[in-house]
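Protein chains: 2
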Amino acid sequence: MKTLKDVGEHNAIAALTANLKAVGDDCAVLPLDAHYDLVLTSDPLIQGVHFTPGTAPEAIGWKAAARVLSDFAAMGADPQYLLINLVAPPDEDFQTLEKIYAGVSNVRKLFNVDLVGGDLAQGPVLELHVFGVGRVPKGKALFRSGAHPGDIVYVTGPLGGSFESGKHLNFMPRIKEAKWLRQSGFVRAMMDISDGLATDLRHILKASKVGAALDSAAIPKVKTLEQALFDGEDFELLFTVHADEADQFDFQCLEDLDQQFPRIGKITGQPETLTLDGAILNRKAFEHFR
Amino acid sequence: MKTLKDVGEHNAIAALTANLKAVGDDCAVLPLDAHYDLVLTSDPLIQGVHFTPGTAPEAIGWKAAARVLSDFAAMGADPQYLLINLVAPPDEDFQTLEKIYAGVSNVRKLFNVDLVGGDLAQGPVLELHVFGVGRVPKGKALFRSGAHPGDIVYVTGPLGGSFESGKHLNFMPRIKEAKWLRQSGFVRAMMDISDGLATDLRHILKASKVGAALDSAAIPKVKTLEQALFDGEDFELLFTVHADEADQFDFQCLEDLDQQFPRIGKITGQPETLTLDGAILNRKAFEHFR
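Chains A and B, in that order, are what the protein sequence lines are. At position 125 of the first sequence (counting the first as 1) the number is 124 in numbering that gives the first Met the number 0, and the numbers step up by one without a gap. At position 50 of the second sequence (counting the first as 1) the number is 49 in numbering that gives the first Met the number 0, and the numbers step up by one without a gap.
Just so you know, these hints were derived from the structure itself, not from any lab. It should be emphasised that the depicted structure is a prediction, and the values quoted were computed from it without experimental measurement.
The list treats identical chains as one, so a pair stands whether inside a single copy or across any two.
With a Cα cut of at most 27 Å, we get these calculated DSS-like pairs of lysine-lysine: (1) Lys-166 <-> Lys-220; (2) Lys-1 <-> Lys-98; (3) Lys-208 <-> Lys-178; (4) Lys-98 <-> Lys-4; (5) Lys-175 <-> Lys-137; (6) Lys-175 <-> Lys-139; (7) Lys-139 <-> Lys-205; (8) Lys-208 <-> Lys-137.
My request is simple: use the sequences and hints to build the entire structure.
Now the structure itself:
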């Protein structure tokens with residue numbers, strides 16, 4: 000018998016969805032009408048995997064909703080509606096559930112998103128399954144597949160140590176930055192960093208059939224380089240800009256956002272080859288189930 | 000401490016969503032564009048609650064997807080896209096997961112719905128959280144709130160014994176019938192029967208601020224009246240038609256569908272009062288968590 004652990008999470012998703020409509024980016028983008036594309040995503044948040052029994056319930060609610068919003072940011076899309084399936088043991092304190100919903104509401108209010116449905120079911124541990132619905136101007140969604148050799152690689156903020164610092168529970172989804180980045184017209188490929196820079200950048204390399212060369216000194220680190228490369232749940236945005244437009248892009252960022260994003264490397268022509276300071280980077284981050 | 004069990008499922012949903020956008024029908028219906036409304040829903044399917052460890056995996060997949068489609072049928076809406084969060088223990092047989100997805104695919108193909116996303120996560124028991132996105136012509140969705148005193152109450156098929164017969168695993172969502180019912184223009188209120196006729200009819204009575212008088216002889220039963228009233232997971236449609244139009248409706252059903260639906264009772268003016276053969280019916284069906 001081959002178990003889920005034997006197969007591994009990414010392989011399992013790939014195998015199980017092989018006959019289905021293409022899945023691969025942070026959200027599914029589908030035709031809606033003459034002006035907009037429909038954008039859909041879903042994220043599970045499970046006790047013992049994504050949070051511990053000791054996690055503050057408001058933080059659980061915040062994280063569950065903010066992760067879905069980060070998926071929308073990854074595509075440059077605008078989230079509109081959330082639905083939440085809440086799973087809880089029958090002996091769960093009802094006040095805990097109220098606090099979880101209060102955490103969701105904090106995200107909702109800040110980003111003007113409506114909670115419009117969902118369900119409540121009995122199960123062995125606390126879980127939230129959050130579904131998000133939104134839209135993006137037709138043809139303007141940003142995908143992992145848009146990177147080209149020569150592009151400059153950017154990241155929106157410092158990476159690593161998210162579990163130690165608690166950022167994985169209270170991070171701010173980069174909705175505002177994402178909208179500006181999409182509207183700026185400079186960005187060619189984008190995604191959010193949930194599994195760590197090294198792992199997630201490889202998703203862009205695979206989808207775009209390119210390589211990347213990272214500059215260790217340029218990567219913004221919370222603490223160590225190791226953590227910045229391999230820790231997960233940073234929820235910063237990773238994106239590329241045409242090299243010829245990078246100076247103009249940096250200028251525009253300063254003008255409009257009062258900040259600039261660090262350039263951490265370059266896209267190369269070697270398919271799926273990731274280097275750090277010129278040396279091949281092979282180590283993979285932790286994968287669920289393995 | 001007040002636990003979820005103390006509060007009860009329906010009360011808990013009501014309390015937790017009190018401050019949020021109105022929830023109450025089988026799907027959320029939201030403005031989309033000039034021609035259509037957007038229709039959204041989500042349903043959990045959890046081992047030990049909605050199926051047993053011995054349930055055939057294809058049947059698990061079928062039920063998970065078919066329940067969501069039944070929610071669309073309840074509104075007279077057309078389902079378009081599904082997303083699935085699959086939760087599984089790391090030692091789950093991978094072949095089981097493949098068979099679950101095959102079951103989902105059987106529903107997808109039959110009803111021309113695309114699976115466009117989802118996620119896979121580790122958890123203590125097997126769970127599917129299915130999220131559905133669809134649409135309905137603007138203003139044409141059928142709600143629980145549309146029943147009026149004098150309306151005739153109809154049901155699309157025989158009720159009860161769904162757990163014994165296995166119908167709860169292999170039922171056919173009433174998408175085809177629902178579309179015809181919506182297009183016919185005769186139907187005033189509609190929902191699907193998931194918690195049993197007595198419980199679900201009470202949802203229509205509450206939403207419409209009316210009562211109902213059921214005729215026990217007229218209720219189509221798989222076996223006993225008791226089961227037809229109180230068993231759950233029939234996934235037939237429950238709807239009302241203006242009394243003056245009922246004969247024309249019956250005729251049109253025969254013409255277009257080659258069948259007629261049984262008239263099982265009448266809507267009355269006594270708010271939230273349900274009677275059976277003239278006697279008040281108080282007993283409530285099984286409620287999760289209680």
